[in-house]
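Chains A and B supply the protein sequences, listed in that same order.
Residue 453 is where the first sequence starts when you use the numbering used here, and the numbers rise one by one after that.
Residue 9 is where the second sequence starts when you use the numbering used here, and the numbers rise one by one after that.
Any given hint might turn out to be false.
[Stated by the list, open to error] No more than 30 Å apart at the CA atoms, straight line, and that leaves these computed lysine-lysine pairs for BS3-like: (1) A:K719 / B:K54; (2) B:K76 / A:K719; (3) A:K567 / B:K71; (4) B:K344 / B:K154; (5) B:K218 / A:K567; (6) A:K977 / B:K344; (7) B:K71 / A:K876; (8) B:K71 / A:K864; (9) A:K928 / B:K71; (10) B:K54 / A:K876; (11) A:K567 / B:K54; (12) B:K71 / A:K925.
Just so you know, these hints were derived from the structure itself, not from any lab.
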Amino acid sequence: MIVEIGHFSLILALFIAGLQGTLPIIGAHRNNHSLMAVAVPAAIIQFILILGSFIALTYAFLVSDFSVINVASNSHTAKPILYKISGVWGNHEGSMLLWALILAGYGAAIAAFGKNLRPSLKVRILGVQALIGTGILAFIILTSNPFLRLTPAPLNGNGLNPLLQDPGLAFHPPLLYLGYVGLSLTFSFAVAALIEGRVDAAWARWVRPWTLAAWGFLTGGIVLGSWWAYYELGWGGWWFWDPVENASFMPWLAATALLHSAIVSEKRDSLKAWTIFLAIMAFGLSLLGTFLVRSGVITSVHAFASDPTRGVFILLLLMVTIGGAFILFAWRGPTLKSSGLFQPVSREGGLVINNFLLTVAAASILLGTLYPLFIDVLELGKVSVGAPYFESVFVPMMIPMIAIMGIAPLLKWKRGDFKTALEKLKLAIVVSVIGGLLVWVLIDRASALASLGMTISLWLFVATFTELAVRIKLFKGSLRESIKHLCRQPRASWGMTFAHAGLAITIAGITASSSWKVESIQVMKFGDQVSVAGYNYTLKNVREIQGPNYMALRGTFIVNKGNNINWILEPEKRFYSNPVMTTTEASIRPTFFGDLYAVIGDKDEKSGGYITRIYFNPLVPWMWAGAIIMVLGAGISLTDRRHRVGAPSSNRVPVPEISANE
Amino acid sequence: MIFWVTSVVILVGVLIAIIVPIIRVRANSSHEYNTPIYYDQLNEIKRDLDIGVLSPLDGEALKAEIEKRLENNNKNIITEATNKLKEAGARFPIVVAIVMVGVIPFMSYGLYLHLGSPEKQDLPFAKRKIISSVDTANVEMNNLVKKLRERLDQNPNQLKGWTLLGKSLVNLNRFSDASKAFKRALRLAPNRAEIAVSVAETGLMAKDGKFSQEVRYFLKMAQKLNQREHKALYYLGLDAFLRQKYSVAIQYWVDLISISPIGAPWLDNVRGRLVIAAKAENLMISSFTSRLTSIPQRPNNTLQSPELAPTQEDINSANEMSGKDRKNFIRSMVEKLANRLESEPNDLSGWRRLARAYKVLGDTKKAAMAEGRVRELEK
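Just chain A, same shape as in the assembly (with noise of 0.2 Å):
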């Protein structure tokens, strides 16, 4: 019963969502107040629909209710509860229910919270949001339910991938999907704006918090899903261009951009057109990712889901969708009025540049990312695009960016002096000139981009310290005041501080990571010692365990370096039988400069020892670090009051009164 009443709503959900879809929109084009208030107990009544239907098929894994067809062939008795439940979002149909749900609660949000937006453009940011869910939900009754049934039901449930069985996967969906969905609400209101013609001081006020939320999301879905490939792929890389982690980065550096626009739109009342722009890109690309992803088109790790009406059915989708907004957007953008003005030498200035940066960024990848679909579609050949691609094409944008990202912040609004920032950068430039050359004669193996790299990231990071000092007036008064000054920053500054700040740390991880890793793979009997980079490891043995669902060899490595360390290091290679698949589970120590990493392989019959493979990984603690330094960044800027929804505080101000029926 259960699982049928979760199968109705669902399909309820879909037509609430085709109402909330159109009437609010002709009532906000009538002037209609009675079509209007639909849009708001629509929008509730939507995610408490899908709401029911999620917790129905998370009670059909949990039980493991081998009659409903998605339970049986993602699911199996002996899988560990975390994975049951995780095994609900696991899975194509699942997962699409997820970013349904999601995208369901971002409408219900700003239906239960939005009490100071302009009801006309709530009503439509409502609407497009509703549009959006009608198109995702009658993707997933029509071609990818998760509520079809099988009779009779199979003894057991197929299994769910091995790969995904971990913790670290069993979260990077859902905080992905908060990202992309997140990015959702951002396109509404751009929508919106542009069905209306206008943008207020409201719209901005509340893309901003929206777009920065989705941003931290996306921020922790990626690095969560980078972390997962970094110990459980077992090479110990962390990143490999690979199109669905494109998928997921494009929108990433879209929604980054829109970040700062989305500032000076609310700032300084301009680059209002170039905001929507982004809005509908940052969307678009997450659609595209989706694509990618879900209809199958590309074979990768995490390709799992094919299904050619699938992949027309989203591809569609993205067309209207996207389509749709920039027709619009090419109708109605020219319409939009900026009043505040502003000089090249400006931080709106600087602003503007870096986000076409990240444009471009995002478009290379973009093309280089479809370029071998499309290759593959015009029966051309098979062309594959990888990291030599990316990186030459991707690195030498970020450079001039970073560049800017020290300096732009120095700036002030609408008109800077180029000259002054400069001086008060005199620090930054010298420790990171310094700092790149010393790298360069001191480290072996020191190429010219990795201490370039060690240069922007001592640059970055001392000029967003050096802003820091300058806003406090540090060494211009005593020392008291600047503390005082300290103390009064408002959060949002201090978000900026952080993640760039943030994002200097994890250039430095991935420059070291990537230029000075140590690898050693060999045969090992017990009782042999390796070393590898000044760390000595010995393999102590290796013995047979069983895990839950799981049997595993676990070896057991001694390693030593000098006196004082005695580390134990446990990699696994795991046997999984539902279904059918063997993993790795590398063991991981971190230190502060760098992660050691061990795994175990397949027993070498001819020597009777085991092959192992020992990594060195200088600095990637520092990438981790970075990235959780940013995502806090995020989460400080959030809570500033001025970034906050709902209502502004009127205890300050006499607001004069308002005669709001509500």
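On the provided structure of chain A, position chain B as indicated by the hints.
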């Protein structure tokens, strides 16, 4: 029924929540929503000035700009108010809206009936009767075993009765009882090697595969009774192997291989272990490989567990029972085998036995199906 009631309740709730706001007409002005935001921005500038983030000059400029926006906004409020007066008459017929809402139940139930299965109940794994067929078979088996046991108590000199009891108890996983039954059989026929092996084998299973003195005694006894007893040779070899007496194990297993029929299912397993044992003893495998390789091997065959399914002998012995009992007995045996094969569909010898059993029972249709599967696997 619960489904229909629940779905109707949900539907009605949803429709009420949608229709009520349509009927209750409200009116708002929109630009007023911007006003507090502008005041808030002015406030922020004041704060930035206070903490010195903004210079007074920039602050003034910003203030002027926001005040300009505020003024524009106020103009909009006035124009909008006049527009509203004009548009007040232009109302989208609410009837159309209500009709649209009214269509929802039909569309929802229509699509649901097309895709859903309203009659289907939830089927949580824990509440399923998957084991049911096996369970009921077991209940029947238990009854049969009980009856057989009673009959044997009255008339304990039936050799076939005791072996049948032993095999039935094996099927019920009651190994130590089975071992006792086989011992009784052995008492009646002390020179039957295969019964001695059964005593040992069930004794072994009762102890989760641990070799006891008793088990060894019966294995040796079986081997003395019949030098060519495969199972005895296998288990004696395994015992030695597990105790790391590799040379002894090799002896038993080489004997076993030499007397095994071509393609015997245990050969792969024995051969694999033999190689390990030989390595451990540093023996040249070639000293006996000539014998090993001369025997053709079949891939994918592992040592079968002791015969748990009915054999011709079982069926014969069942012939001694009363008509009804016999039929039930055979049926439960065959059902059990069929169940096992469902979860292990690649067991070729199992399918062969099943086909044979169905033939004996006279079920030609099922026999043909099983034979079809045998042919499939033989490919």
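Evaluated hints:
Simply put, K719 (chain A) and K54 (chain B) have alpha-carbon atoms about 14 Å apart, close enough for the 30 Å limit, and the pair holds. For the proposed pair K76 (chain B) and K719 (chain A), the alpha carbon gap of about 14 Å is at most 30 Å, so the pair holds. Note on K567 (chain A) and K71 (chain B): the hinted pairing holds, with a Cα-Cα distance of about 26 Å set against a maximum of 30 Å. For the hint linking K344 (chain B) to K154 (chain B), the alpha-carbon distance of about 19 Å falls within 30 Å, and the restraint holds.
Between K218 (chain B) and K567 (chain A) the CA atoms are separated by roughly 74 Å; this puts the pair beyond 30 Å, and the hint is violated. With a C-alpha separation of about 47 Å, the suggested pairing of K977 (chain A) with K344 (chain B) is violated against the 30 Å cut-off. Distance check on the hinted pair: K71 (chain B) and K876 (chain A) sit about 27 Å apart at the alpha-carbon level, within 30 Å; holds. Distance hint between K71 (chain B) and K864 (chain A) is fulfilled; the C-alpha atoms sit about 16 Å from each other, no more than 30 Å.
Simply put, K928 (chain A) and K71 (chain B) have alpha-carbon atoms about 27 Å apart, close enough for the 30 Å limit, and the pair holds. Annotation: proposed proximity of K54 (chain B) to K876 (chain A) holds, straight-line Cα distance about 26 Å (limit 30 Å). Between K567 (chain A) and K54 (chain B) the CA atoms are separated by roughly 26 Å; this keeps the pair inside 30 Å, and the hint holds. Restraint check for K71 (chain B) and K925 (chain A): satisfied, since their Cα atoms lie roughly 23 Å apart, inside the 30 Å limit.
The earlier numbered hints that this structure contradicts are 5, 6.
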